[in-house]
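Chemist: Mind docking chain L on chain C? Use the hints.
There are 2 protein chains.
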Amino acid sequence: MEHYNWLLSLCVILMSTKIFSIISRRAQLPQVVGALMAGLFFGPAVLGAITLHSFGTQFCLMPSELLNRLAELGVIVIMFTAGMETNLDELKASGKVGFVVAMSGVLVPLGMGMGLMYIFDDNVTFASAIFVGAVLTATSVSITVETLKELGKMSTKAGNTILAAALIDDILGLICLTVITGIAGGDVNITIVFMKIICFFVFIAVVGYIYHKYMVWSDEIQAQRNLRRYPVMGFAFCLFMAWASEALFGVADIIGAFAAGMIIAMAPKGQYIASKFETMAYLLLTPIFFANIGLGVTLPKMSLNLVLFTLALVIVSVFSKLGGCGIGARLCGFSNQQSYQVGLGMVCRGEVALIVAEKGMEMNLISEQYLGPIIIMIIVCTIITPIVLKGAFKGQEDVAGDTMFEDKFMLEEQTDEIEEDIFRRRLLLSTRTQE
Amino acid sequence: MEHYNWLLSLCVILMSTKIFSIISRRAQLPQVVGALMAGLFFGPAVLGAITLHSFGTQFCLMPSELLNRLAELGVIVIMFTAGMETNLDELKASGKVGFVVAMSGVLVPLGMGMGLMYIFDDNVTFASAIFVGAVLTATSVSITVETLKELGKMSTKAGNTILAAALIDDILGLICLTVITGIAGGDVNITIVFMKIICFFVFIAVVGYIYHKYMVWSDEIQAQRNLRRYPVMGFAFCLFMAWASEALFGVADIIGAFAAGMIIAMAPKGQYIASKFETMAYLLLTPIFFANIGLGVTLPKMSLNLVLFTLALVIVSVFSKLGGCGIGARLCGFSNQQSYQVGLGMVCRGEVALIVAEKGMEMNLISEQYLGPIIIMIIVCTIITPIVLKGAFKGQEDVAGDTMFEDKFMLEEQTDEIEEDIFRRRLLLSTRTQE
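From first to last, the protein sequence lines stand for chains C and L.
Residue numbering for the first sequence follows the working numbering, beginning at 1 and increasing consecutively.
Residue numbering for the second sequence follows the working numbering, beginning at 1001 and increasing consecutively.
Bound conformation, chain C alone (with noise of 0.2 angstroms):
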């Protein structure tokens, strides 16, 4: 019977990320806390707690071998997704002021995540106080551009301009974590870590230029139908990737995957690619990798100095990109106004900052006990936001915001019928013939 308990728990991940996805989005939060929410309820921190209280043993999920891979190659989808999504053209557009706040808005919270780092932990390394700065430093785009979306703001230069930054935010971070794990990966000697560096970057440059030709070559001699190979292929491209990064220069898989979903995305058959990961990631991927998180928490453990940890970290996260990012935007000119809601726009943590502690944990640069307040930090962070920047953004006028999200909402309705009129037409097909 013991053989079959992972069906089960994967049955229990699924359909509680799912109901507790419902239950924060119905209380107007994103659903990644729900599925965080889920994670932490059943596993040890909650269930765990309960039932050992109750029953002497410990009823609940664990972490296991093979929800962590999944977990893995959950975090590697989502970023290929993300880095298929990330436009090139439109980051060189967005210019100046887009640059100036998000380096700002990585910078102020690095410092202070460090200095945190630094007074309350008496074991701190340098790398690992880095690392604690780093996870403050990246921005959810996901997050911010949602709660713009329902506040209908998008279109103000204040929702312009954290747009921009929090995707340029995004690349800065991923950099930013090239970096560290470069240096915090073993090799003493820094010139080889940034020899390493500059030699990844050149390869990428050369497997996408590479990448690129034989897509537009391939697209012109082949003909257009088994469309299916080249979703597997580009798969197989972004594990790839993701394996070279590591293997070969010393740098995280998920950077390499971001890197082949860029390259991906421009290639001929790219947007085509980018439409077929959508669903492989919310039915299985994503759901184990929030939910994975959730689980390695044990929140009994947390002492007193922890308490106060996170209590500091919360208060750390908030101003450190509300300052930064506002100090930005003062400095490109913005009112006074205009900077508070461009700082608090930026403050949204998400996807991104768990996936920097993630990594830091497996490189044992960040403690576990770290990451109950980690995950706090972030769901602090999501809840406050669209309560806070709804007060920020009252008295202006609406800019069409609703329409747009009407509109979104109307598109995803009419692609939902289409497809399952194309499963009906099909079916009907393939046994069409017996009549």
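These are calculated hints, taken from the structure and not from any lab test.
Please note that the accuracy of each hint is not assured.
Chain L side only, calculated, beta carbon under 10 angstroms to chain C, not exhaustive [said to hold, decoys possible]:
1. S1009
2. L1066
3. P1231
4. V1232
5. M1233
6. E1246
Yeah, the Cβ is synthetic: ideal placement off N, Cα and C, and Gly gets one too.
Modeler: Frame of chain C, contents of chain L only:
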């Protein structure tokens, strides 16, 4: 470095199964043959043997815990989608002829397969003999249909009968497997086993009824938005049923998954849910399933006795289906030529045979040495069927088969284009605000 090698393994599996599939499609063979070949090539059977011979060490992919689990998930998803595509009403309509052909086409191979085991294996038990027999029972619907479509003979009387019989054959094979796994599962008391199986069918009926009622109710009261929850919940339901089959009733998990598929397909939103699993299957799970089977084969171990067994197995598998189904068709009043066509059309074996074999090995009822012969049998059957079928149908007029094939191809083209278009529009909507 070793820590990341699983990424490279996945990459090699995806690429090689796709490349081998493309090659086998070019050679007019079903793609499943290619995927199996990829596993054989990169596993210990070929690449491992070559490198062991040349370098003294084995460089090859090995089945691992992760691959095994993903392959298990793959077969559950395959059976789940097969269940979703099985239409109960169609089965009822296809009536007596299909049932008689399927029945004799199951019993003859079952009997002959058992006989073969009693001749060749000295340590044979009743349970292991019946398992090898069961491997021979299941005709592969997909391969049969694909072959007939390519020949343009779907709408002939023989074609219709083959399709109906193949569908019933699948269900008979699964019932057969249910009983066998029950008997061989360790319970000594036959009465208890049958009680459990009856309870299982009652359980399926009750759960199916509740699910249907719930979906009708939920379809009436809920808004149409947020459709994503349905596929996720459907998948969770499938996993639960797979677990429940094994854990509560001692029935193979794939049968639970198949039943879950049938239940979902008949309820509201069934077609929508079904349309979502194709991508996940072909992007990740199906290639791993087939490749993993190939990886498990170690050809060098083949003794003379085993080579003879392979030959005998191939001959028995072809002639038992040809004879069994042919006789069934003849009994129902088909002409000699038509009976021959029906028999030939049912010779194809495929994924279900592999699934039963895997199950048997997992339960220690089929020795691992028989995996090689079974794979060779499947490959030979799928290679010869299209060739011989072509001859058997020669001289008959075409019944608009080619246009149907064209139809389906056109439809797939359109689908892909629409999907790509939708993705572009979604991306546009989410970034339009920056302009």
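Chemist: Now look at each hint and say whether the structure bears it out.
Modeler: Hint check:
1. S1009: Holds: closest Cβ of chain C sits about 9 angstroms from L:S1009, inside 10 angstroms.
2. L1066: 5 angstroms, holds
3. P1231: Result: holds, 6 angstroms to nearest chain C Cβ.
4. V1232: 5 angstroms, holds
5. M1233: This interface hint holds because 6 angstroms falls under the 10 angstroms limit.
6. E1246: At about 4 angstroms, which falls below the 10 angstroms cut-off, the nearest Cβ of chain C leaves the hint on L:E1246 intact, so it holds.
Checked against the numbered hints listed earlier, the structure breaks none of them; every hint is satisfied.
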